[in-house]
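Asker: The primary structure of each chain is shown beneath.
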Amino acid sequence: MSRKLELIVLAIILIFAAQFLYMSSTTDAEYGGADGEAENVINDITGGTYEPIAKPIWEPPSGEIESLLFGLQAAIGAGIIGYFFGYYRAKKNYENELGYKGKSKSEGDGHSL
Amino acid sequence: MHIMEGFLPTPWWQIWFAVSIPVILYGIHKLNGLVKEKREILPLLAVAGAFIFVLSSLKLPSVNGSCSHPTGTGISAIIFGPAISAVLGTIVLIYQALLLAHGGLTTLGANVFSMGIVGPVVVYLVYKAGMKANLNFYLVVFLATAFGDWATYVTTSLELALAFPEPSGGVLASFTKFASIFAITQVPLAIMEGAVSALLFKYVVNVKSDILVEMKVIEDKVVRKLRGIPA
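In order, the protein sequence lines correspond to chains A and B.
The opening position of the first sequence corresponds to residue 1 in the working numbering, with each subsequent residue numbered one higher.
The opening position of the second sequence corresponds to residue 114 in the working numbering, with each subsequent residue numbered one higher.
Bear in mind the hints are in silico, worked out from the structure with no lab data behind them.
Errors might be hidden in some of the hints.
No farther apart than 25 Å at their CA atoms in a straight line, the calculated lysine to any residue pairs in the SDA-like style are these [claimed, not checked]: (1) B:329 with B:256; (2) B:172 with A:92; (3) B:245 with B:141; (4) B:241 with B:172; (5) B:334 with A:44; (6) B:149 with B:237; (7) B:172 with A:8; (8) A:91 with B:337; (9) A:4 with B:290; (10) A:91 with B:245; (11) A:4 with B:340; (12) B:334 with B:208; (13) B:290 with B:271; (14) A:91 with B:138; (15) A:91 with B:319; (16) B:315 with A:44; (17) B:172 with A:99; (18) B:315 with A:6; (19) B:151 with B:135; (20) B:241 with B:208; (21) B:241 with B:290; (22) B:241 with B:328; (23) B:151 with B:138; (24) A:4 with B:138; (25) A:92 with B:135; (26) B:172 with A:78; (27) A:92 with B:327; (28) B:151 with A:10; (29) B:315 with A:13; (30) A:4 with B:147; (31) A:92 with B:339; (32) B:334 with B:243; (33) B:315 with A:55; (34) A:55 with B:237; (35) B:329 with A:5; (36) A:55 with A:44; (37) A:92 with B:150.
This structure is a prediction, so every number in the text was calculated from the model and none was measured.
Use the sequences and the hints to build the structure in full.
Answerer: If you want it as C-alpha cells, here you go:
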C-alpha cells in the first residue's frame with residue numbers, strides 16, 4: 001500500500017507546526033479563542049450595551065476542568081474510531097485467510113476481498 | 114464558530130431554531146429509515162459521529178494568533194448526506210453547550226445551522242461536483258471538507274452580522290468585521306481538516322469500500338483504481 005497520502009498530510013501538519021513554533025516564539029500573539037474575539041466585536045458594534053439574553057446553565061469551574069472535558073470528548077471519539085477500524089481490519093484479514101464469509105455479506109462486494 | 118450562550122438577541126435565535134429544527138427532524142427520519150434498512154452501516158455511522166467529536170474538540174492555533182477548531186462534519190456529509198450530518202452535529206453541539214459552556218442552548222439553532230447544515234451541504238455539493246469532474250478521489254474529499262469547514266465559519270459571521278449590524282455601515286460592515294476573525298483564522302484549519310479527512314477516507318476505502326459502493330458514495334471502478342485492483 002502506497003504511503004503517499006500519509007506523507008502529504010504529514011507535510012501539511014509539519015508546515016503548520018513549524019509556522020506556529022516560529023510565530024509563538026517571535027511574537028506575543030495570545031492565541032485566544034476566536035469565539036471570544038467575536039464577543040469583543042459585538043461590544044464594539046453595540047458600544048458595550050449588549051446584555052446576553054441567557055447565561056450558560058453550568059460552566060466548567062476552571063481551565064483545568066474545561067480541558068479535562070475537551071480531552072474526554074476527543075478520547076471518546078478516538079476510541080470509537082480506533083475500535084471500528086480495528087474490527088473491520090481484523091474481519092477483513094480473517095475473511096482473507098480463512099475464506100470465512102459472514103452471513104451479512106451482501107452481493108457485489110466480492111472484489112473487496 | 115460557536116456563538117456563545119445568550120449572544121443572539123430575539124428574534125434571531127428563534128429564527129435559526131425555526132430553520133434548523135425541520136432539517137434535524139428530517140435527518141432523524143432519514144437516519145431511522147437507513148438504520149432499519151441497512152444495519153451494517155451502524156459502525157460507519159459511529160465512526161463519522163466520532164470524527165466530529167474528535168475534530169471539534171481540538172482547538173488549534175492559527176496563523177493570525179488566535180485559536181479555533183475544525184468541525185469534522187465532512188466524513189458524515191459525504192457518506193450519509195447533509196441531513197444526517199445535522200443530527201450528528203447537534204449531538205456534539207449539545208454536549209459542548211451543556212458540559213463546556215461552549216456555544217449555548219439559546220444559540221444552538223444558529224450553531225446547528227452553521228456547523229450541522231451549511232457546512233455539510235457545501236461538503237456534499239463540492240464532493241458531487243468534484244466526482245463528476247473525475248478528479249482524484251482524495252483531492253475531492255480534501256476540497257469538499259476544507260470548503261465545508263470554511264463555509265461553516267462564514268455562516269457564523271453572517272449570523273452574527275445579521276444580529277449585530279453596524280450603526281453606520283449596516284450588515285455588510287459588521288459581516289466584514291466578524292469574517293475577518295472567523296473566516297481568516299479558519300483558512301489554515303480548513304486545509305488541515307481537509308487533509309485529515311482525506312486520510313481517514315483512505316482507511317475507510319481500505320477496510321470497508323463495499324458499504325461506500327452500496328451507499329452510492331463512490332463508484333466501484335473508482336475503488337478499484339484507488340486500491341490498484343485491475344478492473
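Asker: Work down the list of hints and note, for each, if the structure agrees.
Answerer: Each hint, compared with the structure:
Pair hint residue 329 (chain B) plus residue 256 (chain B) holds up; C-alpha atoms about 19 Å apart against a cutoff of 25 Å. The straight-line distance between the Cα atoms of residue 172 (chain B) and residue 92 (chain A) is roughly 35 Å, outside the 25 Å bound, and the hint therefore fails. For a cut-off of 25 Å, the pair hint linking residue 245 (chain B) to residue 141 (chain B) is broken: about 28 Å separates their Cα positions. At most 25 Å may separate the alpha-carbon atoms for a hinted pair to count; residue 241 (chain B) and residue 172 (chain B) exceed this at roughly 29 Å.
About 55 Å separates the Cα atoms of residue 334 (chain B) and residue 44 (chain A), which puts this hinted pair outside 25 Å; it is violated. Taking the CA atoms of residue 149 (chain B) and residue 237 (chain B), the gap is near 23 Å; set against the 25 Å cutoff, the hint holds. Restraint check: the Cα-Cα separation between residue 172 (chain B) and residue 8 (chain A) comes to about 22 Å, which is no more than 25 Å; the hinted pair holds. For the suggested pair residue 91 (chain A) and residue 337 (chain B), the alpha carbons sit about 20 Å apart, so the restraint of at most 25 Å is met.
Between the alpha carbons of residue 4 (chain A) and residue 290 (chain B) the distance comes to roughly 40 Å, so the proposed pair goes past 25 Å and is violated. Of the supplied pair hints, the one linking residue 91 (chain A) and residue 245 (chain B) is violated, its CA atoms being roughly 32 Å apart against a limit of 25 Å. With a C-alpha separation of about 13 Å, the suggested pairing of residue 4 (chain A) with residue 340 (chain B) holds against the 25 Å cut-off. Annotation: proposed proximity of residue 334 (chain B) to residue 208 (chain B) is violated, straight-line Cα distance about 40 Å (limit 25 Å).
With a CA separation close to 10 Å, the supplied pair residue 290 (chain B) and residue 271 (chain B) stays within the 25 Å bound. With a C-alpha separation of about 35 Å, the suggested pair residue 91 (chain A) and residue 138 (chain B) falls outside the 25 Å cut-off, and the hint is violated. For the given pair, residue 91 (chain A) sits about 12 Å from residue 319 (chain B) by alpha-carbon distance, which is consistent with the 25 Å threshold. The straight-line distance between the Cα atoms of residue 315 (chain B) and residue 44 (chain A) is roughly 45 Å, outside the 25 Å bound, and the hint therefore fails.
At roughly 45 Å between alpha-carbon atoms, residue 172 (chain B) and residue 99 (chain A) are farther apart than 25 Å, so this suggested pair is violated. A threshold of 25 Å between alpha carbons decides the hint, and for residue 315 (chain B) with residue 6 (chain A) the separation of about 9 Å falls inside it, so the pair holds. Between residue 151 (chain B) and residue 135 (chain B) the CA atoms are separated by roughly 24 Å; this keeps the pair inside 25 Å, and the hint holds. Our distance criterion of 25 Å between C-alpha atoms is broken by residue 241 (chain B) and residue 208 (chain B), whose separation comes to about 31 Å.
With a C-alpha separation of about 32 Å, the suggested pair residue 241 (chain B) and residue 290 (chain B) falls outside the 25 Å cut-off, and the hint is violated. Proposed proximity of residue 241 (chain B) and residue 328 (chain B) is supported: the alpha carbons are some 14 Å apart, at most 25 Å. Taken as a hint, the residue 151 (chain B) and residue 138 (chain B) pair is honoured in the structure, with Cα atoms around 20 Å apart against an allowance of 25 Å. Among the hinted pairs, residue 4 (chain A) with residue 138 (chain B) is inconsistent with the structure: their alpha-carbon atoms are about 41 Å apart, more than 25 Å.
Between residue 92 (chain A) and residue 135 (chain B) the alpha-carbon distance is near 39 Å, which puts this suggested pair outside the 25 Å criterion. This hinted pair checks out: residue 172 (chain B) and residue 78 (chain A) have alpha carbons roughly 16 Å apart, not beyond 25 Å. At roughly 17 Å between alpha-carbon atoms, residue 92 (chain A) and residue 327 (chain B) fall within 25 Å of each other, so this suggested pair holds. Restraint check: the Cα-Cα separation between residue 151 (chain B) and residue 10 (chain A) comes to about 35 Å, which exceeds 25 Å; the hinted pair is violated.
Between residue 315 (chain B) and residue 13 (chain A) the alpha-carbon distance is near 17 Å, which keeps this suggested pair within the 25 Å criterion. For the hint linking residue 4 (chain A) to residue 147 (chain B), the alpha-carbon distance of about 34 Å lies beyond 25 Å, and the restraint is violated. Only pairs whose Cα atoms come within 25 Å are accepted, and residue 92 (chain A) paired with residue 339 (chain B) is accepted, the gap being roughly 18 Å. At most 25 Å may separate the alpha-carbon atoms for a hinted pair to count; residue 334 (chain B) and residue 243 (chain B) meet this at roughly 16 Å.
Pair hint residue 315 (chain B) plus residue 55 (chain A) does not hold up; C-alpha atoms about 42 Å apart against a cutoff of 25 Å. A distance of roughly 35 Å separates the Cα atoms of residue 55 (chain A) and residue 237 (chain B); the hinted pair therefore is violated under the 25 Å criterion. Distance check on the hinted pair: residue 329 (chain B) and residue 5 (chain A) sit about 23 Å apart at the alpha-carbon level, within 25 Å; holds. Simply put, residue 55 (chain A) and residue 44 (chain A) have alpha-carbon atoms about 20 Å apart, close enough for the 25 Å limit, and the pair holds.
Note on residue 92 (chain A) and residue 150 (chain B): the hinted pairing holds, with a Cα-Cα distance of about 23 Å set against a maximum of 25 Å.
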